[in-house]
Amino acid sequence: MKSAKAVKGEKALKTVSPVGPKKHGIMFYLKKDWQLYLLLLIPLAFALIFKYGSMAGLVIAFKNYKILKGFAGSEWVGFEIFEKVFKMRDFGKSVRNTLLLNGLTLLFGFPMPIILALLLNEVKNKYFKRITQTLLYLPHFLSFVIIGAIAYQIFGQATGIVNNIIAANGGTRIPFLQQDNNWLVTYVAISVWQSMGWGTIIYLAAITGVNTELYEAATVDGAGRWAKCMNVTLPCIKGTIVTLLIMNLGKIMGGSFESVFALMNVATTKFTTTIPVLVYNYGIKSGKFSEATAIGLFQSVVGLILVLAADRVAKKLGEEGLL
Amino acid sequence: MDSTSKVMLPKTKKTWTKARVKNLGIDAIIYTFILLVAMTCVLPFIHVMSKSISGEAFVIANKIVLLPKGITFDAYKKIFADASIVRSLYVSVVVTVLFTIVGMIITICAAYPLSRRDLKGRTALTFIFMFTMYFSGGIIPEYLLMNQLGLLDTWAAMILPLAFSPYNLLIMKTSLQSSIPDSLIESAHLDGAGQIRILWSIVLPLSKPIIATLSLFYAVGRWNAYQDALFYIKQRTDLRPLQLKLYYLVVAATESFQAAVEGSAQLTNPEVLKASCIMFATIPIICVYPFVQKYFVQGTMIGSVKG
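As they're listed, the protein sequences go chains A and B.
Using the numbering used here, read the first sequence as starting at 1 and increasing by one per residue.
Using the numbering used here, read the second sequence as starting at 1 and increasing by one per residue.
Simulated pairs of lysine-lysine, BS3-like, Cα-Cα distance not exceeding 25 Å:
(1) Lys288(A) - Lys69(A)
(2) Lys228(A) - Lys129(A)
(3) Lys120(B) - Lys23(A)
(4) Lys18(B) - Lys228(A)
(5) Lys234(B) - Lys285(A)
(6) Lys22(B) - Lys124(A)
(7) Lys124(A) - Lys238(A)
Computed spacing ranges between beta-carbons, pair by pair:
(8) Ala57(B) - Ala267(A): 24 to 32 Å
(9) Lys124(A) - Gly192(B): 54 to 62 Å
(10) Lys315(A) - Val94(B): 40 to 48 Å
(11) Val94(B) - Phe79(A): 40 to 48 Å
(12) Arg117(B) - Lys69(A): 45 to 53 Å
(13) Pro205(B) - Ala45(A): 23 to 31 Å
(14) Ile26(A) - Leu190(B): 20 to 28 Å
(15) Met88(A) - Gly70(B): 52 to 60 Å
Just so you know, the hints here were simulated from the structure itself, not pulled from any lab data.
Only a predicted model underlies this, so the values are computations on that prediction, with no experimental measurement involved.
The C-beta atom is built at its ideal place from N, Cα and C for all residues, glycine as well.
Just need the whole structure built from these sequences, with the hints factored in.
Structural data, given as C-alpha cells:
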C-alpha cells in the first residue's frame with residue numbers, strides 16, 4: 001500500500017520536474033539528501049544492532065550451541081534440535097496453552113469493547129461519559145506486575161477480599177489463582193477486564209464517522225434505539241470489527257509473557273507454561289539455549305505466517321490491511 | 001420517535017408518554033451497566049489503597065473492604081525507610097527519562113527522512129524498519145546478544161534495546177506526512193536551508209503535539225515493562241527498576257522488606273506492606289494518568305489509521 005503510493009509520488013515528481021525523466025546515479029541522491037541519510041544512520045544503527053543483530057543469533061537453533069564455544073565454534077546439527085523439541089511433551093503443552101489463553105481471551109475479550117462502545121454511544125450525558133471512560137481506560141495504563149499484585153489482593157485464597165467476603169458469609173474459600181482450572185478462568189477474566197476499556201477507542205472513533213443522515217432516515221422510518229443500533233451503527237462499523245478480528249486472529253500465536261508471568265505461581269503450572277514462559281525456563285533459567293531458540297523461532301515463524309495470512313484475508317474482504 | 005417527542009416536548013412538558021418512559025428505562029439500564037463496569041476498574045485500587053493505610057489489627061481481622069479503618073501511614077514510612085525500594089524508584093525514573101529521550105531522537109531521525117516522498121530508497125528503508133515489527137530474534141537470541149555486547153547488568157540494557165520502536169516510527173511518519181505541507185519544506189529548501197535545519201526550525205516546532213504523545217508512549221511503556229529487566233538485570237540488584245522490585249517483593253514474594261527484617265520498629269503485617277508497596281508503584285501512574293490519557297487516545301487513533 002505504502003510502497004505503491006511512494007512509487008506513484010516519485011513518478012509524479014519526475015514528470016512534473018522541468019529536467020524531465022532523467023536518470024540520476026546514486027551519488028546524485030546522496031549529495032542532494034546527504035543530511036537526511038545522515039539522520040537515518042542513527043535509527044538504522046539501532047535497528048541493525050538490536051533487531052537484526054539478534055536475528056543473527058537464530059542460527060543457534062540449527063547448532064548445538066555451547067556458550068564457551070560461541071556462535072561460530074558450535075557445530076551445525078541441521079534440524080536435529082527442532083526434531084528433538086517437537087517431540088518434547090512440554091513443547092506441545094506450551095503450544096496448546098498459548099493457543100488456549102490467547103483464544104479464550106479473544107473469544108471473551110473481543111466482543112466486550114464493541115458492546116461497551118455501543119453502550120457508551122447511547123450515553124448523552126457528557127460528564128458521565130467522560131468520567132466513566134477515564135475509569136475504563138485506567139487498567140490499560142498499569143503494568144502487569146501491578147495488575148498481578150492487585151489480583152492476589154482481590155482473589156488470593158487466604159487474604160483476598162473476595163474470599164474474605166465469601167468466608168464472612170459462611171462460604172468456603174475458593175482458590176481463584178491457586179488451582180489450575182480456576183486460574184485459567186481468572187486469567188482470562190483479568191485479561192478481558194484490562195483491555196476492554198481501551199479497546200473501545202477504535203470503535204468509538206468508527207461510530208463518530210457514521211453519517212448522521214442515516215440515523216435521521218432511520219428515525220423517519222420509525223426505528224427505535226435498538227433498531228438503529230442494530231441496523232445503522234453495527235453495519236457501519238462492521239468493517240472495523242472484521243479487520244480487528246482478523247488481525248487479532250493473526251496474533252493468536254503471539255507471546256504473552258508479562259501477563260502470564262505476573263499471575264502464575266507454583267501451585268498452577270498446567271496452563272501457565274505458554275511458549276515464551278517455556279523459552280524463559282529452558283533458556284535463561286536452565287541454559288538450554290539452542291532448544292529455547294528453536295521454540296522461539298517456531299513461534300516467530302508461525303506468528304509471521306498467521307499475520308501475513310490475516311492481512312491477505314482482510315484485503316480479500318475489501319478491508320484495509322495491516323501491511 | 002425521537003423527532004416527534006422533540007417537537008412535542010415544549011408543549012406537553014413532562015408528560016409521561018409510553019415512549020418516554022421506555023426511553024428513560026433503557027437509559028437507566030445502560031447507565032447502570034456502564035457505571036458497574038467502570039466501578040470494577042476503580043474499586044480494586046480503592047480496596048488496596050484502604051488496606052495500605054489501615055491499622056494492622058483491622059487488616060489481620062479481614063475487616064477492610066472499601067474504607068480504611070484506623071488510619072495510619074506506618075507502612076509507607078517503612079517503604080520509604082527501605083533503601084532498596086527507594087533506589088528502585090530512582091532507577092525507574094532515570095531509565096524512563098533517558099529511554100524517552102533516546103527513543104524520541106531515534107524516532108524523529110527515522111520518521112522525518114522517511115516522510116519525505118522524494119527520498120531515494122525510501123521504500124527499502126521503510127521495509128527494513130517495519131519488518132522488525134513482525135519478526136524478531138526472540139527472547140534467547142536477544143539475551144545472548146546482550147551478553148555478547150556486555151550489556152547484561154547495566155543501565156544501557158534497559159535503555160538501548162527497546163529504544164527503536166517501529167510502531168512509534170509509523171505513527172510519527174504518518175503524522176508528519178499529514179500535518180507538514182510539502183510546499184512549506186520546498187520553500188524553506190529554496191531559501192537555502194539544509195534538511196537538518198528544516199527539521200530543527202520548521203518541522204519540530206510544528207510537531208509538538210505528536211512529540212508529546214510519542215514521548216508519553218515511550219515513557220509509560222518503559223515505566224510499565226519488566227520483562228527485559230527480569231532477563232537482563234541479574235546480579236546488580238541495585239539496578240532493579242520499580243516494577244521488577246515489586247515483582248520480587250509482592251508477586252513472587254521471594255524477597256522480604258528490609259525494614260521488616262531489621263525489625264527496628266514494631267513488625268508490620270506483610271499484607272499491609274504489600275498493599276502499600278503496590279500503591280507506591282501505582283500512585284505515580286495515577287497522578288499523571290488524567291493528563292496523559294487524552295494524548296494516548298489521539299496517538300492510538302493515528303496508529304490505527306495507516307498512511
